[in-house]
Amino acid sequence: MKRKQARVTRQGAAGLAGLTAIALLAAGCSAGGGSATASGASTDVAGVTITVALPADSAPPAAALAAFTKESGIKVNWVISDWDSLQTKISAAATANTYFADVTNVDWSRVGQLGKLGWFQPLEEYLDVNALKADMPQLGSFTLDGHLIGVPYDSSYMVTTVNTDLFAKAGITTMPTTMDEYTNDLEQIKAKGVVEYPLNIPFLAAEGLSTYWYETTNAFGGAVLDASGKPLFTDPSSPGYKAAQWMVDALTGGLVPPGNINVNDGQGEQTLMAQGMVASTLSDYSGLINSLYNVTDSSNVAGKIEYLPTPGVNGPAGNLSNPDGMGIPTQAKNPAAAAKFIEWFNSASTQEDFAGLNGQDKVWGSSFIPSRVSVVEKLAQAGSLADGEHLAAMLQTASPVFPEGAPAWYPTFSNAVYTNLHAAATGSMSVADAISAIAAVANQQASNG
Amino acid sequence: MSARRHPLRSVALGLVILWSIVPIYWAAKTALQTESAARSRPVEYVPLHPTLDNFRTLLFGQGGVAVGIRHSMLNIVIECAAATTVTVTLAALAAYAFARFTFRGRNILFYAVLATLAFPPYTTLIPLYRIMSAFSLVNTYTGIVLVYVSGFLPLAVWVLHNYFASIPMSIEEAGRIDGASRMQVFWHLVLPLAVPGIISIALITFLFGWAQFLFPLVLSTDLSTQPLTVIIAALQGKHTVPSTLMSAAGLLAIAVPAVLALTFNRYIVNGLLAGSTK
Amino acid sequence: MAAPRRSARPTPRGDDARRGVVVEGDRSDIATSTTRPRQRHLDALPYVLVAPVAIFIVGLALVPAAFTIIESFFKVDALHPPTRFTGFGNFVEIFHNHAVMNSVANTTFYVVVGVALSTILGIAMAVLLQHPFRGRGVVIAILILPWALPGVVEGILWSGIFDPNSGLINGLVATFHLGAGNGVLLGQNRLLTLALIEIVQVWQITPLSTVLIFASLQLIPGEIYEAAVVDGANQWRSFASITLPLARPGIAVAMVEAVIATVNIFDQPYVLNGAASTGSSVTMQTYFVSFQNLNFGQGYALSLLVALVTVVLSVVVLRFVYRKVEL
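Protein chains in written order, with our numbering: chain R, 6 to 454; chain W, -9 to 268; chain P, 40 to 366.
So here's chain R without its partners, still in its complex pose (with noise of 0.2 angstroms):
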């Protein structure tokens, strides 16, 4: 009996990837469809029609697909999906080993689990992956057991945002560049008066609320799992511990919204930092200059948001990276075409005209930044990148959140994270519980296997 789903947000149809996958058939299907067999795989291209399935508003330009359809003789599918519906589809489709589509979405924490299900066509066989490594600092992210499983697209990562004018307004003259100078900061634009909570962080029990900590130890100088992942941040002077007591306390201690606790990444962004609610996000997405902050149907700061170097230790820390990559399903029907596609798509001329470098009517989409260094590096150039200088240079420093690859267990990881950190706001543990808690799904998970 089917009942209406309703569901928002990246969290929201991330869960329904899993209720998919529940219901399995018991003849022979173990739970990660283990057949590799493509139905009909084929290997000529003249010709074939593929499905491209990634999430994103609006197709590329029509020209621009037309030019690829001329250029190899396949036709292009295009289809619009949101990211959350995506994940569904994609451990839907693996689970009953269907086809439906030829190339689709892989996510960075995702690529632990997808690669050990085998749920992904290795691409080595297909594509020059050294070359592609050379302009694409976070390839590295996307291989798993020496197979690259997808290709970056979109370099996202985490950035901290500030609002210019805010800190101006307090009196602020030089931006800092440590975490005690950014506390500091943050404390005396509320002493001042200019906002009344100046910080954002998104403390609903959701994904934004990981990476935030993520990106927080980051910044106070250290990673949240050991190569065979065991916890790093159990100690009270570790790294990961400091990034969630910091957290809580900004909550407690004024310096974050009350209201807070029932925000998540994205609310926060357009409802606070978009609106000039509060200074700073510690742990924003690249992008989000272009595409929210600058537009003025979307916010009423614009002009007024920069990126700010994540303040570390003793001076700026580095920034993690959470890309989006392109990958084959394991179902796909045309594998080879769908390889080509993937060629093209992240070819360094396209990718060029996508940033808008040759004309506006080449662009795709509002949020979109080049996963080629080369490219960024022209776009900072040109000028059309917003804060496109900090972004060059954050695309070559950036790092993976997890180096040796996101584990298989990541959601199950992500979620003790989040769940946990989540209570420590609202009061019902301590972070020394919280804290506690996560080191013991990770220890489990990792003594698992």
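Since the hints were made in silico from the structure, they are not lab data. From a predicted model like this one, the values you see are computed outputs, not experimental measurements. Just so you know, even glycine gets a beta-carbon here, dropped at the ideal spot from N, CA and C. Take these hints with a grain of salt, some might be off.
Stated by the list, open to error - Keeping only pairs whose Cα atoms sit at most 20 angstroms apart, straight-line, the calculated SDA-like set for lysine to any residue is: (1) P:K363 with W:M159; (2) P:K363 with W:P40; (3) P:K114 with P:A93; (4) P:K114 with R:T178; (5) R:K235 with R:T257.
As the list claims (entries may be wrong) - Negatives, chain W to chain R, calculated, CB over 12 angstroms: (6) L5; (7) K19; (8) V55; (9) Y112; (10) Q174.
Claimed, not checked - DEER-style ranges, computed between Cβ atoms: (11) R:A353 with W:T130: 36 to 44 angstroms; (12) P:V151 with W:V185: 51 to 59 angstroms; (13) P:A279 with W:Y35: 24 to 32 angstroms; (14) P:F130 with R:A67: 53 to 61 angstroms; (15) W:V249 with P:V151: 32 to 40 angstroms; (16) P:L211 with R:A67: 27 to 35 angstroms; (17) W:L8 with R:E76: 41 to 49 angstroms; (18) P:R123 with W:V57: 31 to 39 angstroms; (19) W:R(-1) with P:V151: 27 to 35 angstroms.
Use these hints to put chains W and P onto chain R, whose structure you have.
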């Protein structure tokens, strides 16, 4: 039969209308604003600078949105109409059999049909996906309608069974005495009396179909069959949500059910059984 | 030998005695009478009538359900293959899972409050709509809207209404100077969080209850009410003695549907309060267990338990609320 004019009635009616419509008003207000205005403080109860941009984007915009809305609106209407027609027809026949006949296996089958309601919907998702895939029915109207029908039948059978069972036997007996066959009795005597029940369950079934999201998300792979609910969800961004655009889309989505509800009212005639002695 | 035919005019009972109306207390019987032909050969007609439904249900509903039941006794874990029989292992793990048990408490709240509220509101709305009046069509259309609005839009809508910074509720609080207008509605106070989440679900599911009960009310002939008025009954008495008893089948169906909807609640708590344990529901935990932990066997076991609970609750509802009504 007199309509009651209790003074409290108007108050109650007003409250009921308010309860339903205030959030809808909020959605409508949001649809007429820019994203920034919708999230500003102090809260705007009425849009200070109303704009039709959201509707323009949905109906005439570029980048595939307008095309998506149009195609998916057509798809959802077709899918819901087909599913409703098939469901109500099959359910009426079966419900009549359950209500008026005894036959071997009647009770077991009836309870089995009802029991399927108890299983959470998503438990059938993957098996149905596999079955549809095996018959090459993924991304087809047929496949989606078949899945919808299988889900909506239990309630339809149950409600119509209750309806048929409530109609006085005397009417059918009189028809049989007059020499009519059982199906003639059903068609000419019972069905007309059951019209309120039938169109009620038709409306209910249509609305269930209208609300579907998870199943068509998985069973449709592109615009040839994706319904409106899936396309509206696709408007969400990865980190940001265009709440104003989606509120406008929501308003477009309630137009058809609203019209159906108006039509529904016209076909409900009260006091049907007053004429039962014919 | 034909079964004894029930007389067409059974003796009316007690206070419910109205012209030609019988409310049967015995609910174990589905059909009140038979129209069996006098011949002794197999009557094909009923089988023909139910065959399509039977095929659909067996093929597309019962078979998948059976697999859920079977799989729940196996350890199906994508990260720790192979699949192996484990008896009640999955069920034992469930009872030791704190998050799951916590969600059971929340879900109990949702079910009790949700079924009660949606049924009461549904009855009230159905009664208000029972007899035609000018503009009834418009009112029906308005009542349907919460159900017709796509779920994803409803989620955004109510998130917006409850938003701690720019939402409607907080805005009203600020406008009427009842507070600062940035109060925390969801996430802090558990009872408030549960209540608000369930109110949103009730808002969405009440239209279904209304239409189901409304359909039931349409069967009641107007003469009954007229006779009652002649007998001196006022409106409340008519309602209590005529409307309510005769609407019992519709009310029972509406309540069972509400049970199903509330037991399976997922979107509202997930969208409004994320994965927090404050409002987490059993279906949310089923998802976490299956998808995040990739422990599908445990997910099936939970689904089976949910189905069993649904059946039990539905049987209880039917036992106490459903009555066979023949007019």
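field: Violations among the numbered hints
entry: The structure conflicts with hints 2, 3, 4, 5, 8, 9, 12, 13, 16, 17 and 18, although it agrees with all the remaining ones.
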